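Read off the chains here:
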Amino acid sequence: MKKSVFTGLYILIAILIVLPFVIPNAFYMDLAIRMAINAVIVLGLNLLIGFAGQISLGHAGFLGIGAYASAVLPTHFGWHPLLAMGAGAAATGLLAALVARPIFKLKGHYLAMATLGLGIIINIAIRNEAQWTGGPDGMPVPSLGLFGFDLTSDKHWYWVVALLLSISVWASLNLIDSPFGRALRALHGSEVASQVVGVDIVRYKVAIFVLSAVFASLMGSVTAHYVGFVTPNLADFFHSIELVTMVVIGGMASVYGSIVGAVLLTALPQALATFEGWETVAFGAILMLCMIFMPKGLVPTLAAKFGKGE
Amino acid sequence: MLAQFLQFLFSGVTVGATYALAALGFTLIYNASNVINFAQGEFIMLGGMLAVFFTMSGLPLPVALALAIIVPAIVGVLVEKLAIEPVKGAETVTLIIITIGASLVIRGLVQVWLGKNTHSLPAFSGDEPIHILGATLLPQSLWVLGVTALVVIALWYFFNRTLQGKAMLATSFNRTAAELVGINTSWVLFMSFAMSAALGALGGILVTPITLTSYDVGIMLGLKGFVAAVVGGLGNGLGAVVGGLLVGVLEAMGAGYISSSYKDAIPFVLILFILFFMPRGLFGGKSTDRV
Chain A
1 MKKSVFTGLY
11 ILIAILIVLP
21 FVIPNAFYMD
31 LAIRMAINAV
41 IVLGLNLLIG
51 FAGQISLGHA
61 GFLGIGAYAS
71 AVLPTHFGWH
81 PLLAMGAGAA
91 ATGLLAALVA
101 RPIFKLKGHY
111 LAMATLGLGI
121 IINIAIRNEA
131 QWTGGPDGMP
141 VPSLGLFGFD
151 LTSDKHWYWV
161 VALLLSISVW
171 ASLNLIDSPF
181 GRALRALHGS
191 EVASQVVGVD
201 IVRYKVAIFV
211 LSAVFASLMG
221 SVTAHYVGFV
231 TPNLADFFHS
241 IELVTMVVIG
251 GMASVYGSIV
261 GAVLLTALPQ
271 ALATFEGWET
281 VAFGAILMLC
291 MIFMPKGLVP
301 TLAAKFGKGE
Chain B
1001 MLAQFLQFLF
1011 SGVTVGATYA
1021 LAALGFTLIY
1031 NASNVINFAQ
1041 GEFIMLGGML
1051 AVFFTMSGLP
1061 LPVALALAII
1071 VPAIVGVLVE
1081 KLAIEPVKGA
1091 ETVTLIIITI
1101 GASLVIRGLV
1111 QVWLGKNTHS
1121 LPAFSGDEPI
1131 HILGATLLPQ
1141 SLWVLGVTAL
1151 VVIALWYFFN
1161 RTLQGKAMLA
1171 TSFNRTAAEL
1181 VGINTSWVLF
1191 MSFAMSAALG
1201 ALGGILVTPI
1211 TLTSYDVGIM
1221 LGLKGFVAAV
1231 VGGLGNGLGA
1241 VVGGLLVGVL
1251 EAMGAGYISS
1261 SYKDAIPFVL
1271 ILFILFFMPR
1281 GLFGGKSTDR
1291 V
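Here the protein sequences line up with chains A and B, keeping their order.
Residues in the first sequence are numbered from 1 upward in steps of one, following my numbering.
Residues in the second sequence are numbered from 1001 upward in steps of one, following my numbering.
Think of the hints as simulated: they come from the structure by calculation, not from any bench.
Note that the coordinates shown come from a computational prediction; the quantities given were computed from them, not determined experimentally.
Ideal Cβ positions, reconstructed from N, Cα and C, are used throughout, including at glycine.
Treat the hints loosely; a few may be bogus.
What the hints assert, rightly or not - Listed next, the in silico DSSO-like pairs over lysine-lysine satisfying Cα-Cα at most 30 Å (straight line):
no.: 1; chain 1: B; residue 1: 1088; chain 2: A; residue 2: 105
no.: 2; chain 1: B; residue 1: 1081; chain 2: A; residue 2: 296
no.: 3; chain 1: B; residue 1: 1081; chain 2: B; residue 2: 1116
no.: 4; chain 1: B; residue 1: 1088; chain 2: B; residue 2: 1166
no.: 5; chain 1: B; residue 1: 1116; chain 2: B; residue 2: 1263
no.: 6; chain 1: A; residue 1: 305; chain 2: B; residue 2: 1081
no.: 7; chain 1: B; residue 1: 1088; chain 2: A; residue 2: 296
no.: 8; chain 1: B; residue 1: 1166; chain 2: B; residue 2: 1081
no.: 9; chain 1: A; residue 1: 105; chain 2: A; residue 2: 296
no.: 10; chain 1: A; residue 1: 105; chain 2: B; residue 2: 1263
no.: 11; chain 1: A; residue 1: 305; chain 2: B; residue 2: 1088
Unchecked claim - Some residues of chain B that are not near chain A, with every Cβ distance over 10 Å (derived):
no.: 12; residue: 1057
no.: 13; residue: 1064
no.: 14; residue: 1074
no.: 15; residue: 1127
no.: 16; residue: 1135
no.: 17; residue: 1150
no.: 18; residue: 1153
no.: 19; residue: 1175
no.: 20; residue: 1186
no.: 21; residue: 1258
no.: 22; residue: 1282
Excised from the complex, chain A in its bound form:
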């Protein structure tokens, strides 16, 4: 079991190494980078949704905090980009912890409601504080200097995000198998039962929520520096939904499912662009069909079909 889990990681790393040599042009390079960034966010979110069984409909808000920290702090206050990124992550973690404590005493729909509200408030604040954030038009982000050279070319960015993705997968696999991960899964199975065997459920839920929010914030910063521009759309409700959809379509509680979900849903809008005006309909229809016929998500469904567990 353990062996096969890490085999997947080796295959992923092999693919990541080979990929830049087979990618034909800059367009696909950009797509690959965005897929990898989304995959890291989705890994974090899947820990929350898939393993702890909690829903967040406001994760794009956390992403927005990270992205705008990286845009606003260096531009208006002259902070070093890495410091700004850290500050964004710290602020996100603090906010998530502050909100999570009372919220996680609730269940199900109330939690979805609270995270949804939080995400929308963050988005509205970004849109309205135009003197800092550029309002609905967004603002440019200074480039990220690392160890003496500026990260600008797509090639460099690719290796950075590929490294981040590999580390995140490795970390997630280890986390799931740790006592912390086991506690999370127990919690998903039955909260009452896990409480009885001594799992402090509120503390664990808060911890995983904060962790996934910080993941999102950090990757928001990475996105901001990579794209070089941020707009409030990064933090809107629809983006939160897209992230949750990536988790669910790929497969809840599946590390590799997270990557598959991120890859598919990042590519989907590109593929649908040919439908001219029908994109929204097609996107919605695909969501519904996937959920109706594969409610467990792609990877777990296929894994079950071919008779080998992940």
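Using the hints, position chain B against chain A.
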């Protein structure tokens, strides 16, 4: 001072009535199936847009309005039959994604067929404002409030005095027990989607002469309806109505006295406070967890 306060109150109560109808829709479906229907907002949009479309195509107003309620009800039933029933007992997040998918399909189709323009309906009985203590009230607001009040009374009668209504209530308390005494629970599910879509559409039609409509108004209206339902205690009919009015009034007061650009944030700030301090909403009962 008083005039200004009254003015905000009038506009808040008017919009709040729409939220209340949407919240009742959420409540109906939640009680019948434990599903939070994220497509609820699209029924509000559909009602308004179809009313505009049918009146523009020359149908007399009463016929156009009736069609603008019936068509969304049919759409609601289709969503239930095609997307919700096949996945009975699925996880909450799966159901949420399905209803979001449905909302995207509805919004996308309206965008393709009726375009991205903003539309308005003529007010039902003129635009001559009524003056009350220095504030003005549009006749359309009276329509909104009057019809909402009628609907609430009709729903109360339906759930308390008719066999069908009682069957729906029984199902929401305990599905298995309801089935055991011979209640057709899939009929209940069917009815709850039809009714909540019709309620949403009705709200959308009534408020369109005041707030205008376009293909994308459903998201915010739906989310605020959801806030209203949670404020009142999810699953509680009276709570949904009070929650809707409360959200509408606070939003209007906030827009008037604090900041109009943060108007849309106010319901969500409210909901966070309510969840922190009274996690079951204003009228929600206590619940216990089964092992």
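Is the straight-line distance between the alpha-carbon of residue 305 of chain A and that of residue 1081 of chain B 30 Å or less? Cα-Cα ~27 Å, so holds.
At 10 Å, judged by beta carbons, does residue 1064 of chain B keep clear of chain A as stated? 25 Å, holds
Does residue 296 of chain A lie within 30 Å of residue 105 of chain A when you go C-alpha to C-alpha? 26 Å, holds
Given the hinted pair residue 1116 of chain B and residue 1263 of chain B, is their alpha-carbon gap at most 30 Å? The hint holds at about 24 Å.
Taking the shortest Cβ-to-Cβ distance between residue 1127 of chain B and chain A, state whether it exceeds 10 Å. Non-interface label stands for residue 1127 of chain B: nearest chain A Cβ at 31 Å, farther than 10 Å.
Please verify whether residue 1088 of chain B and residue 1166 of chain B have alpha carbons no more than 30 Å apart. 23 Å, holds
Keeping to a limit of 30 Å between CA atoms, is the pair of residue 1166 of chain B and residue 1081 of chain B held or broken? Holds, because 22 Å separates the two Cα atoms, which is no more than 30 Å.
Taking the closest pair, is the beta carbon of residue 1153 of chain B still more than 10 Å from chain A? 28 Å, holds
According to the definition I'm using, a residue is off the interface if its beta carbon is farther than 10 Å from all beta carbons of the partner; does residue 1186 of chain B meet that for chain A? Holds, since 17 Å exceeds 10 Å.
For residue 1057 of chain B, is the shortest beta carbon distance to chain A beyond 10 Å? 22 Å, holds
30 Å Cα cutoff - pair residue 1088 of chain B, residue 105 of chain A: It holds: about 27 Å lies between the C-alpha atoms, which stays within 30 Å.
Checking a non-interface call: every C-beta of chain A should be farther than 10 Å from the C-beta of residue 1074 of chain B. Is that right? Fine: 18 Å to the nearest Cβ keeps residue 1074 of chain B off the interface.
Violated hints for the displayed structure: none, as all numbered hints are satisfied.
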